[in-house]
Amino acid sequence: MYRSMLFLHWKQINIPLIPLILAAYALPLLSVQGLGTPPGMDSSTLEAYRIVAGAQIWLPVFPLLAAVIGVTLALSAWNWDHQLGHVHALSLPVPRWRYALLKMGAGATLALLPAAGLWMGAHVATSFVDLPTGLNAYPNQLALRFLAATLVAYGLLFAMAAGTVKTTVWIISGVIGFFILGNVVTDFLVGYFPVLYRTNLLELALEALIRAPGPLQVFTGNWMLIDV
Amino acid sequence: MSRADLCRALSTGALALLCSPPPMHAQQTTEATLLGRIDSLRPLLEAAEVEADLARARRAEAERRANVTVTDTLSVGPLTIVTVPENRDAAARLFRRVWENDFASFVGTSPSLSDQWFTFQWAMELRPILVEGRAPQRVELVRWRPTRPTEVIRQSIINALADDLTGTQILAWANAVRTPVRPEELYRQLALSPSRASRACLAGNARSCWVGMGLDPGADSNPLDDWYSPEERRALAGRLYWSRTLQSLRDDCTETGTLRSCDVLLADRLTTLGNPSELAPLRPPARAALLWIALQKGGAGAWDRLRGDPQATPAQALLSASGLTAEELSSAWLEHVQANRPASKAGTGLSLMMALFWFAGFGTLALRSTRWR
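Heads up: the protein sequence lines correspond to chains E and Y, in order. Its first residue numbered 807, the first sequence is counted upward by one per residue in the numbering used here. Its first residue numbered 1005, the second sequence is counted upward by one per residue in the numbering used here.
Be aware that a few hints might be false.
Computed from the model, here is a short list of chain E residues facing chain Y with C-beta under 8 Å [to be verified]:
#1 A854
#2 V858
#3 A906
#4 G940
#5 A954
#6 A955
#7 A965
#8 P1019
#9 P1021
Over 10 Å on every C-beta distance to chain E, these chain Y residues come out as not near it, computed from the model [stated by the list, open to error]:
#10 A1052
#11 R1060
#12 N1091
#13 D1229
#14 Q1315
#15 H1340
Rather than coming from a laboratory, the hints here were simulated on the basis of the structure. Using N, Cα and C, we set each Cβ at its ideal position, and we do this for glycine too.
Just chain Y, with the same shape it has in the complex (with noise of 0.2 Å):
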């Protein structure tokens, strides 16, 4: 054989060789092994994921500390501000106005208050301020919007007092705690509420307006009679909703019109309710009113009173705090209503001379013209 006829040879049989199937068992042996070495890779993989994650996080909390705002932290009473060094002093002036003409008065300690922090930023351009591990009332405001700084302080301050009262039943009849925001629409309510305590209350009985607001019906009377007049409970039964169960009463009460059906479907309600109150005529709104006026009232010491006894009624807890009998304190509410009764009447005053005044500036403008057009 020649040295040609070798080599052909030899590449004739490392093609076949090449071209052949591998024999079965030495083709499981290989994917059996990478797959092992690919399982020995993943818990590497893990912890590298974990890592990676890990220097991320850092990354980004060096980022954010190094973006976190300089801060000045300062005391107003019991209120702790955190602020941009610029606007220190108008957070003090603004926390201090705030805190001393509407709660000083009457809150004397307050967990929640002495737990809560404040951020404040009145700016054009707000940035972060960061308080470590607080969820803090936050009042940052862009300045050129015309919201009133005031009121937003006074109103997380609020928020904040709110705490104490969580779980109380002053709570749950209030539904909030808040100031008397537009006392017109207080009266409004009032005057507009179809209801005999409304009326009676509007009218100066200052009970009435105790009733009104479901506190201490009297433990042997009917508390929709006192609320409500046949025609009124008649209208009241037509306008709440009922189950299916109910809806023969419903149909006997609002289509055929018998009263008795009507006080039926009022009392299973007031049964059902978990709050009684919630059927009263006058609402939430006003019921916070009253009970800010009972704080106002109280003076010193009037927050302790109000959640010293978690168990106490609305009635009991706003006695308590105001240091006035139910008579006082609801003339003390009504006097405050009659006060702000809206200006609502159309066309007078100011209005009008406004009106005037551009009746004549236009008027100017028709007559300034030196040409005949």
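Excised from the complex, chain E in its bound form (with noise of 0.2 Å):
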């Protein structure tokens, strides 16, 4: 049944999910682009901050993609359910839970393709690199990380799509009313506890989020495919 699954969601996803492969692939060799020894050059370490600097500029596109992945296979994997009003669910000798644990075993499988994607660029990437003393590259390690950050953002969205699309835009709702309100409520906390003073609620939700243990922390922290 898995296999079933698997194939359905494939079928679901495949068009999107191949150009999303073939950018995982591209992205590390884009972020080394221009790098590399100039002619008549020794490999001195003015080439280290240079390796560096290029390759932060493309450090916020990693978790991005990681993010555009996730969401793509989480949506898709209930989009057919919910437009057939669960007419295939229903007919099936399985209970809800274990029916949505192999769909989720399935996008996560194909959350694999994209990391491949990106695995095998980097290591293209890397070794056309000539790197300098004290610079490494960490194709696995980014690569790792970038599955990570897209099986968070799947089963983040996966969650939230498995509910009906009203508990979905209340969920969605919440969130941006706190982003928008977030500073009046904590103004109007602070005329009953003065103690919130200089609090920025919005600031700590946010903190608590991007920082570890925080589900989005995986998003921040280190991306760099070459690193001292």
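Assembling the complex is the task here: the two chains are given apart, and the hints tell you how they should meet.
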């Protein structure tokens, strides 16, 4: 049954996923484009700074691509069920939790494809750059982080998409509302709890999300393909 | 003339007298008199204003004294700490911990520390602590804010200590006395510094680390040549700002790539700089770390030896403080930097575990439904 779920998901997503796999492969190559030792120059440390600075420009694109892949996989996982009113799922002799688990596993398996693309691209890219003393390439670690970020984005959206559209709208509206009204709520609370003076709820919430052990911490941190 | 006519005539006369202009000399006399009287009041007014100012100052002082927080004073080593009674134990514990861990081993005597007082408060709401006639180092932290009191205490002691080095070459060289903050940044600086000396240092040549910090490059050698390769010198000259008078040399260096012009430019900068080590590739954070390690290695009396000779060069002061050779001291620094190589590589470890945990958590939420949607 897992195989048929995987096949169904692949059928759903192959058209948008293939360009994303290619993008994951190409991104490391783009990040090292133009780097390397110019003719007539030894592998000087002038290069070290240039390589790290050059690679940093591409840093935000790696987590962004991981998030886009995760979201695409998650939404496509439930798209078919929502459109057909869950008739196929209801016709199967399995409980819902098992059905959802199989579906989630199929999506997670498909997430391996772009991560593998990035892993290959990262290895090819670093093989083209003559790294000066003190710098190292981390293609395996970067691919692992990319996979982890894809899975987190996929898991988050999968959980939301597993519910009703109404639930999803409530959650997303709540988050957006909090970001818009967070400061107003803080000011209101300070009136009752002076100890909250100089506390920014919005900032605290963001910190909790993006700092360890927050769920989005994998998207921050170090995404350098080449580093010290 | 009847009585009525007499009254009418008198009224008319009085009215005419009132309406007629007064004689000029009488008017001048009145004005001068008034001005004189006003002037005579001025000293009185000034005295009153002084009195009022004094009264206001007395009242403000009385109010300030009435509002001043009750304090306790305690001593930890040579440190004098003024604190509120409820923070007394915390102050003693934290100052003692910082002093014994970081300073007691090398600070013998310090005129600045003896002269300096510290205030300490660690509370939800801060109250003013008055220290008469002094500008104390203040360690006053709001308890709910994520600041580590020991770090603030450490830095305040360092600030007080650094006054001992005012005017010395070692302070000009290191720019500051401080603990090696974020040592992983030192490693990054060393790895990315565009300099042949840094590269050799990173490869394990401790002597190059010493040279790269601008410490005694040798009387005969050109320090620029020790610090930078020809390509690096060309790049460095291109990065610096030059006056119009040197513009042609700069163009020659950066546009035609004539190395001789770059060297002339950099040599000119070296002579005009008060402190030639400013062009050295390993910058003040690396030097401050070396100074701190020299003090730690020097042990008892290291601080006294460091400030013993105000005319000593940075290298002499460091060697005197540490009691080590240049090779040994720079090796200790290099060991420290290499031991703190940043765990900057992406992906593995705890970060990956947490990501998988969250993935599993979200998955569980997705499974947790008893009905088909």
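Okay, the hints, checked on the actual structure:
Against a cut-off of 8 Å between C-beta atoms, the interface hint on E:A854 holds, since the closest Cβ of chain Y lies about 5 Å away. The interface hint given for E:V858 is met, as the beta carbon of that residue sits about 6 Å from the closest beta carbon of chain Y, less than 8 Å. Satisfaction of the interface hint for E:A906 is found here, the shortest Cβ-Cβ separation to chain Y being roughly 5 Å, below the 8 Å cut-off. Of the supplied interface hints, the one on E:G940 holds, with its beta-carbon coming within about 3 Å of a beta-carbon of chain Y, less than 8 Å.
Taking 8 Å as the C-beta cut-off, the interface hint given for E:A954 holds, the closest approach to chain Y being about 4 Å. Proximity of E:A955 to chain Y holds as hinted, the smallest CB-CB distance being about 7 Å (cut-off 8 Å). Annotation: interface hint on E:A965 holds; nearest CB of chain Y at approximately 4 Å, less than 8 Å. For E:P1019, the shortest C-beta to C-beta distance to chain Y is roughly 5 Å, which falls under 8 Å, so the interface hint holds.
The beta carbon of E:P1021 comes within 4 Å of a beta carbon in chain Y, closer than 8 Å, and the hint placing it at the interface holds. Distance check for Y:A1052 against chain E: the nearest CB is about 43 Å away, which clears 10 Å, and the non-interface claim stands. With 10 Å as the threshold on Cβ separation, the claim that Y:R1060 sits away from chain E holds: the shortest Cβ distance comes to roughly 31 Å. At roughly 18 Å from the closest C-beta of chain E, the C-beta of Y:N1091 stays outside 10 Å, upholding its exclusion from the interface.
No Cβ of chain E comes within 10 Å of the Cβ of Y:D1229; the nearest lies about 15 Å off, and the non-interface call holds. No Cβ of chain E comes within 10 Å of the Cβ of Y:Q1315; the nearest lies about 35 Å off, and the non-interface call holds. The Cβ of Y:H1340 lies farther than 10 Å from every Cβ of chain E, with a closest approach of about 16 Å, so its non-interface assignment holds.
When the structure is compared with the earlier hints, no violation turns up for any of them.
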